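Listed in order, the protein sequences are those of chains X and Z. Read in order, the letters of the first sequence are residues 2 to 244 in the numbering used here. Read in order, the letters of the second sequence are residues 476 to 711 in the numbering used here.
Quick caveat, the hints were computed from the structure, so don't treat them as lab data. Given the structure is predicted, the values throughout are model-derived calculations rather than measurements. Heads up, a few of these hints could be off.
To be verified - With a straight-line cut-off of 20 Å between C-alpha atoms, the simulated SDA-like cross-links for lysine to any residue are: (1) Z:LYS531 / X:ALA152; (2) Z:LYS531 / X:LEU239; (3) Z:LYS531 / X:GLU216; (4) Z:LYS681 / Z:GLY492; (5) X:LYS92 / Z:ARG580.
Said to hold, decoys possible - Which chain Z residues stay away from chain X? Per the calculated CB distances, all over 12 Å, these: (6) SER484; (7) ASP564; (8) ASP672.
Just so you know, even glycine gets a beta-carbon here, dropped at the ideal spot from N, CA and C.
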Amino acid sequence: MNPRILLATARRVLTQLRHDPRSVGLMVLVPSLLMVLLRYVFNSGTAFDRFAPALLAFFPFLLMFLTTSVTMQRERTSGTLERLLTTPAGKLDLLGGYGIAFSVVSVIQVTLAVLVSVWLGLSIAGSFAWLLLVALLSALVGVALGLLASAFARTEFQALQFMPVIVLPQFLLCGLFRPREAMADVLRWASDVMPLSYAVQAVNRVTRDPGLSTEFWRDVLILAGCTIAGLSLAAATLRRRTD
Amino acid sequence: MTNSAVLVSGLRVVRGGTEVLRDLSFEVPSGTVTGLLGPSGSGKTTLLRCVLGVQKIAGGTVTVLGRPAGSPALRSHVAYASQSASVYDDLTVVENLRYFAAALRVPAAEVDRVIDAVDLASYAGRLTARLSGGQRSRVSLAVAMLGAPKLLVLDEPTVGLDPVLREELWALFHRLGATGMTLIVSSHVMDEAERCDRLLLLRDGKVLAQETPDSLKQRTGATSMEEAFLRLVRAA
């Protein structure tokens with residue numbers, strides 16, 4: 002890892018975004034608008050209180066997965082990835098740079114979504130900062146999985162097809178629709194190994210519990226571990242020599 | 476230490492079950508502008524990727540600046556511009572170069588130098604996507620020139636350029652060659668062969684000839700490079 006190349010990569014990705022204000026606008030505003038939608042779909046404060054926290058973890062995960070897998074795929078098809086791999090830049094300088102840049106976007110995205118949710122009546126028993134931390138980790142897991150998924154896609158179109166495969170099962174099993182304990186055993190085991198389950202669990206803990214439990218920190222560690230594992234696996238799929 | 480920048484021996488590449496490069500051997504002397512010529516599909520790009528060390532090979536050796544191609548130590552000394560401009564369309568010219576300069580750990584002052592060298596100073600602040608095809612490939616060329624590499628590998632850098640610009644680029648290649656840099660420049664246009672110090676003619680994954688343009692014409696008795704190539708093909 003070379004900090005200079007790492008930061009240059011993060012800055013480059015952010016500069017690319019700056020030249021694309023429409024995408025930035027969508028990324029930043031859409032989760033908040035969806036929270037508004039959700040509030041009035043339920044049309045009840047109690048139901049919103051129950052479902053909103055999970056979605057505060059899910060939206061950053063989903064959007065960062067999509068953004069990353071498409072951006073990375075573009076980097077592959079344009080030949081810039083191959084070019085970078087012939088320079089002294091390390092693989093983790095590139096992937097880490099993406100992680101940093103998209104974290105910046107996620108923080109803005111999530112802060113706005115949380116503020117809007119509170120305005121819509123969501124009660125948060127714990128601290129705002131920890132909620133932000135979990136949502137950010139959830140976004141980073143999305144980045145890591147997106148980078149990994151892009152390795153198995155040859156086109157941007159294929160990269161998009163991985164969304165229902167990787168994201169939707171996690172959404173269905175994360176405990177939003179049914180408590181995870183109430184699911185069939187096989188599904189509960191599956192949800193035990195899905196990162197989104199822990200993000201949703203941790204967000205629920207922050208919004209419902211004023212103190213921080215050991216379980217909360219365990220969830221945070223699991224999410225951080227998933228991010229590191231995802232990035233390392235993604236780095237392993239970047240080959241300097243190809244066919 | 477030999478005086479060749481690139482030494483290839485018995486190189487074989489198989490892609491998708493077909494042999495793309497077949498037992499290739501050649502050398503590229505240091506400080507020359509070597510033209511890699513051959514029709515489309517003759518294996519030029521694959522060969523250049525081997526020199527760069529990014530292509531999986533089935534056999535043989537590729538030695539670049541005294542080391543196996545693709546060695547980490549070569550990453551600061553070998554630069555490549557692929558046929559399609561490998562630059563970020565959603566960055567401006569200068570933003571592209573600043574980023575690649577950082578990745579190559581090259582001083583930022585290099586950025587202005589290479590932009591001038593490819594004559595894009597008046598477009599420096601323009602988004603790369605808004606440039607013409609020829610201008611985009613010059614951005615890509617500028618990236619390859621960052622940090623004065625010892626070996627510059629260029630895949631069809633003059634395609635689609637107007638004759639004046641083509642002339643200018645070839646003059647630039649020779650100026651770079653005069654500084655001791657080695658250049659390998661591929662092209663499928665035979666009349667560009669005349670502009671090279673040395674030629675490497677490729678057809679169906681095999682080397683047809685490696686010599687100077689003059690000796691090739693003399694040997695085949697042809698008056699143009701096109702004709703020389705045809706005679707070689709027929710004789711083979």
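Take the C-alpha atoms of LYS531 (chain Z) and ALA152 (chain X), compute the straight-line distance between them, and say whether it is at most 20 Å. 18 Å, holds
Is the hinted pair LYS681 (chain Z) and GLY492 (chain Z) satisfied, with a Cα-Cα distance of at most 20 Å? Within the cut-off at roughly 17 Å; holds.
20 Å Cα cutoff - pair LYS92 (chain X), ARG580 (chain Z): At roughly 15 Å apart (the allowed maximum being 20 Å), ARG580 (chain Z) and LYS92 (chain X) satisfy the hint.
Separation of ASP672 (chain Z) from chain X, once the least beta-carbon distance is taken, above 12 Å: The claim holds: ASP672 (chain Z) sits with its nearest Cβ about 25 Å from chain X, beyond 12 Å.
Holds or violated: LYS531 (chain Z) and GLU216 (chain X), Cα atoms, limit 20 Å. 48 Å, violated
Does LYS531 (chain Z) pair with LEU239 (chain X) here, judged by a C-alpha cut-off of 20 Å? With a Cα-Cα distance of about 14 Å, the restraint between LYS531 (chain Z) and LEU239 (chain X) holds, given a limit of 20 Å.
Exclusion check [ASP564 (chain Z) not at the chain X interface, CB over 12 Å]: Contrary to the label, ASP564 (chain Z) does not stay out of reach of chain X, its closest Cβ about 7 Å off (not over 12 Å).
When you look at the beta carbon of SER484 (chain Z), is every beta carbon of chain X farther off than 12 Å? 19 Å, holds
In terms of the numbered hints stated before, the structure departs from hints 3 and 7, listed from lowest to highest.
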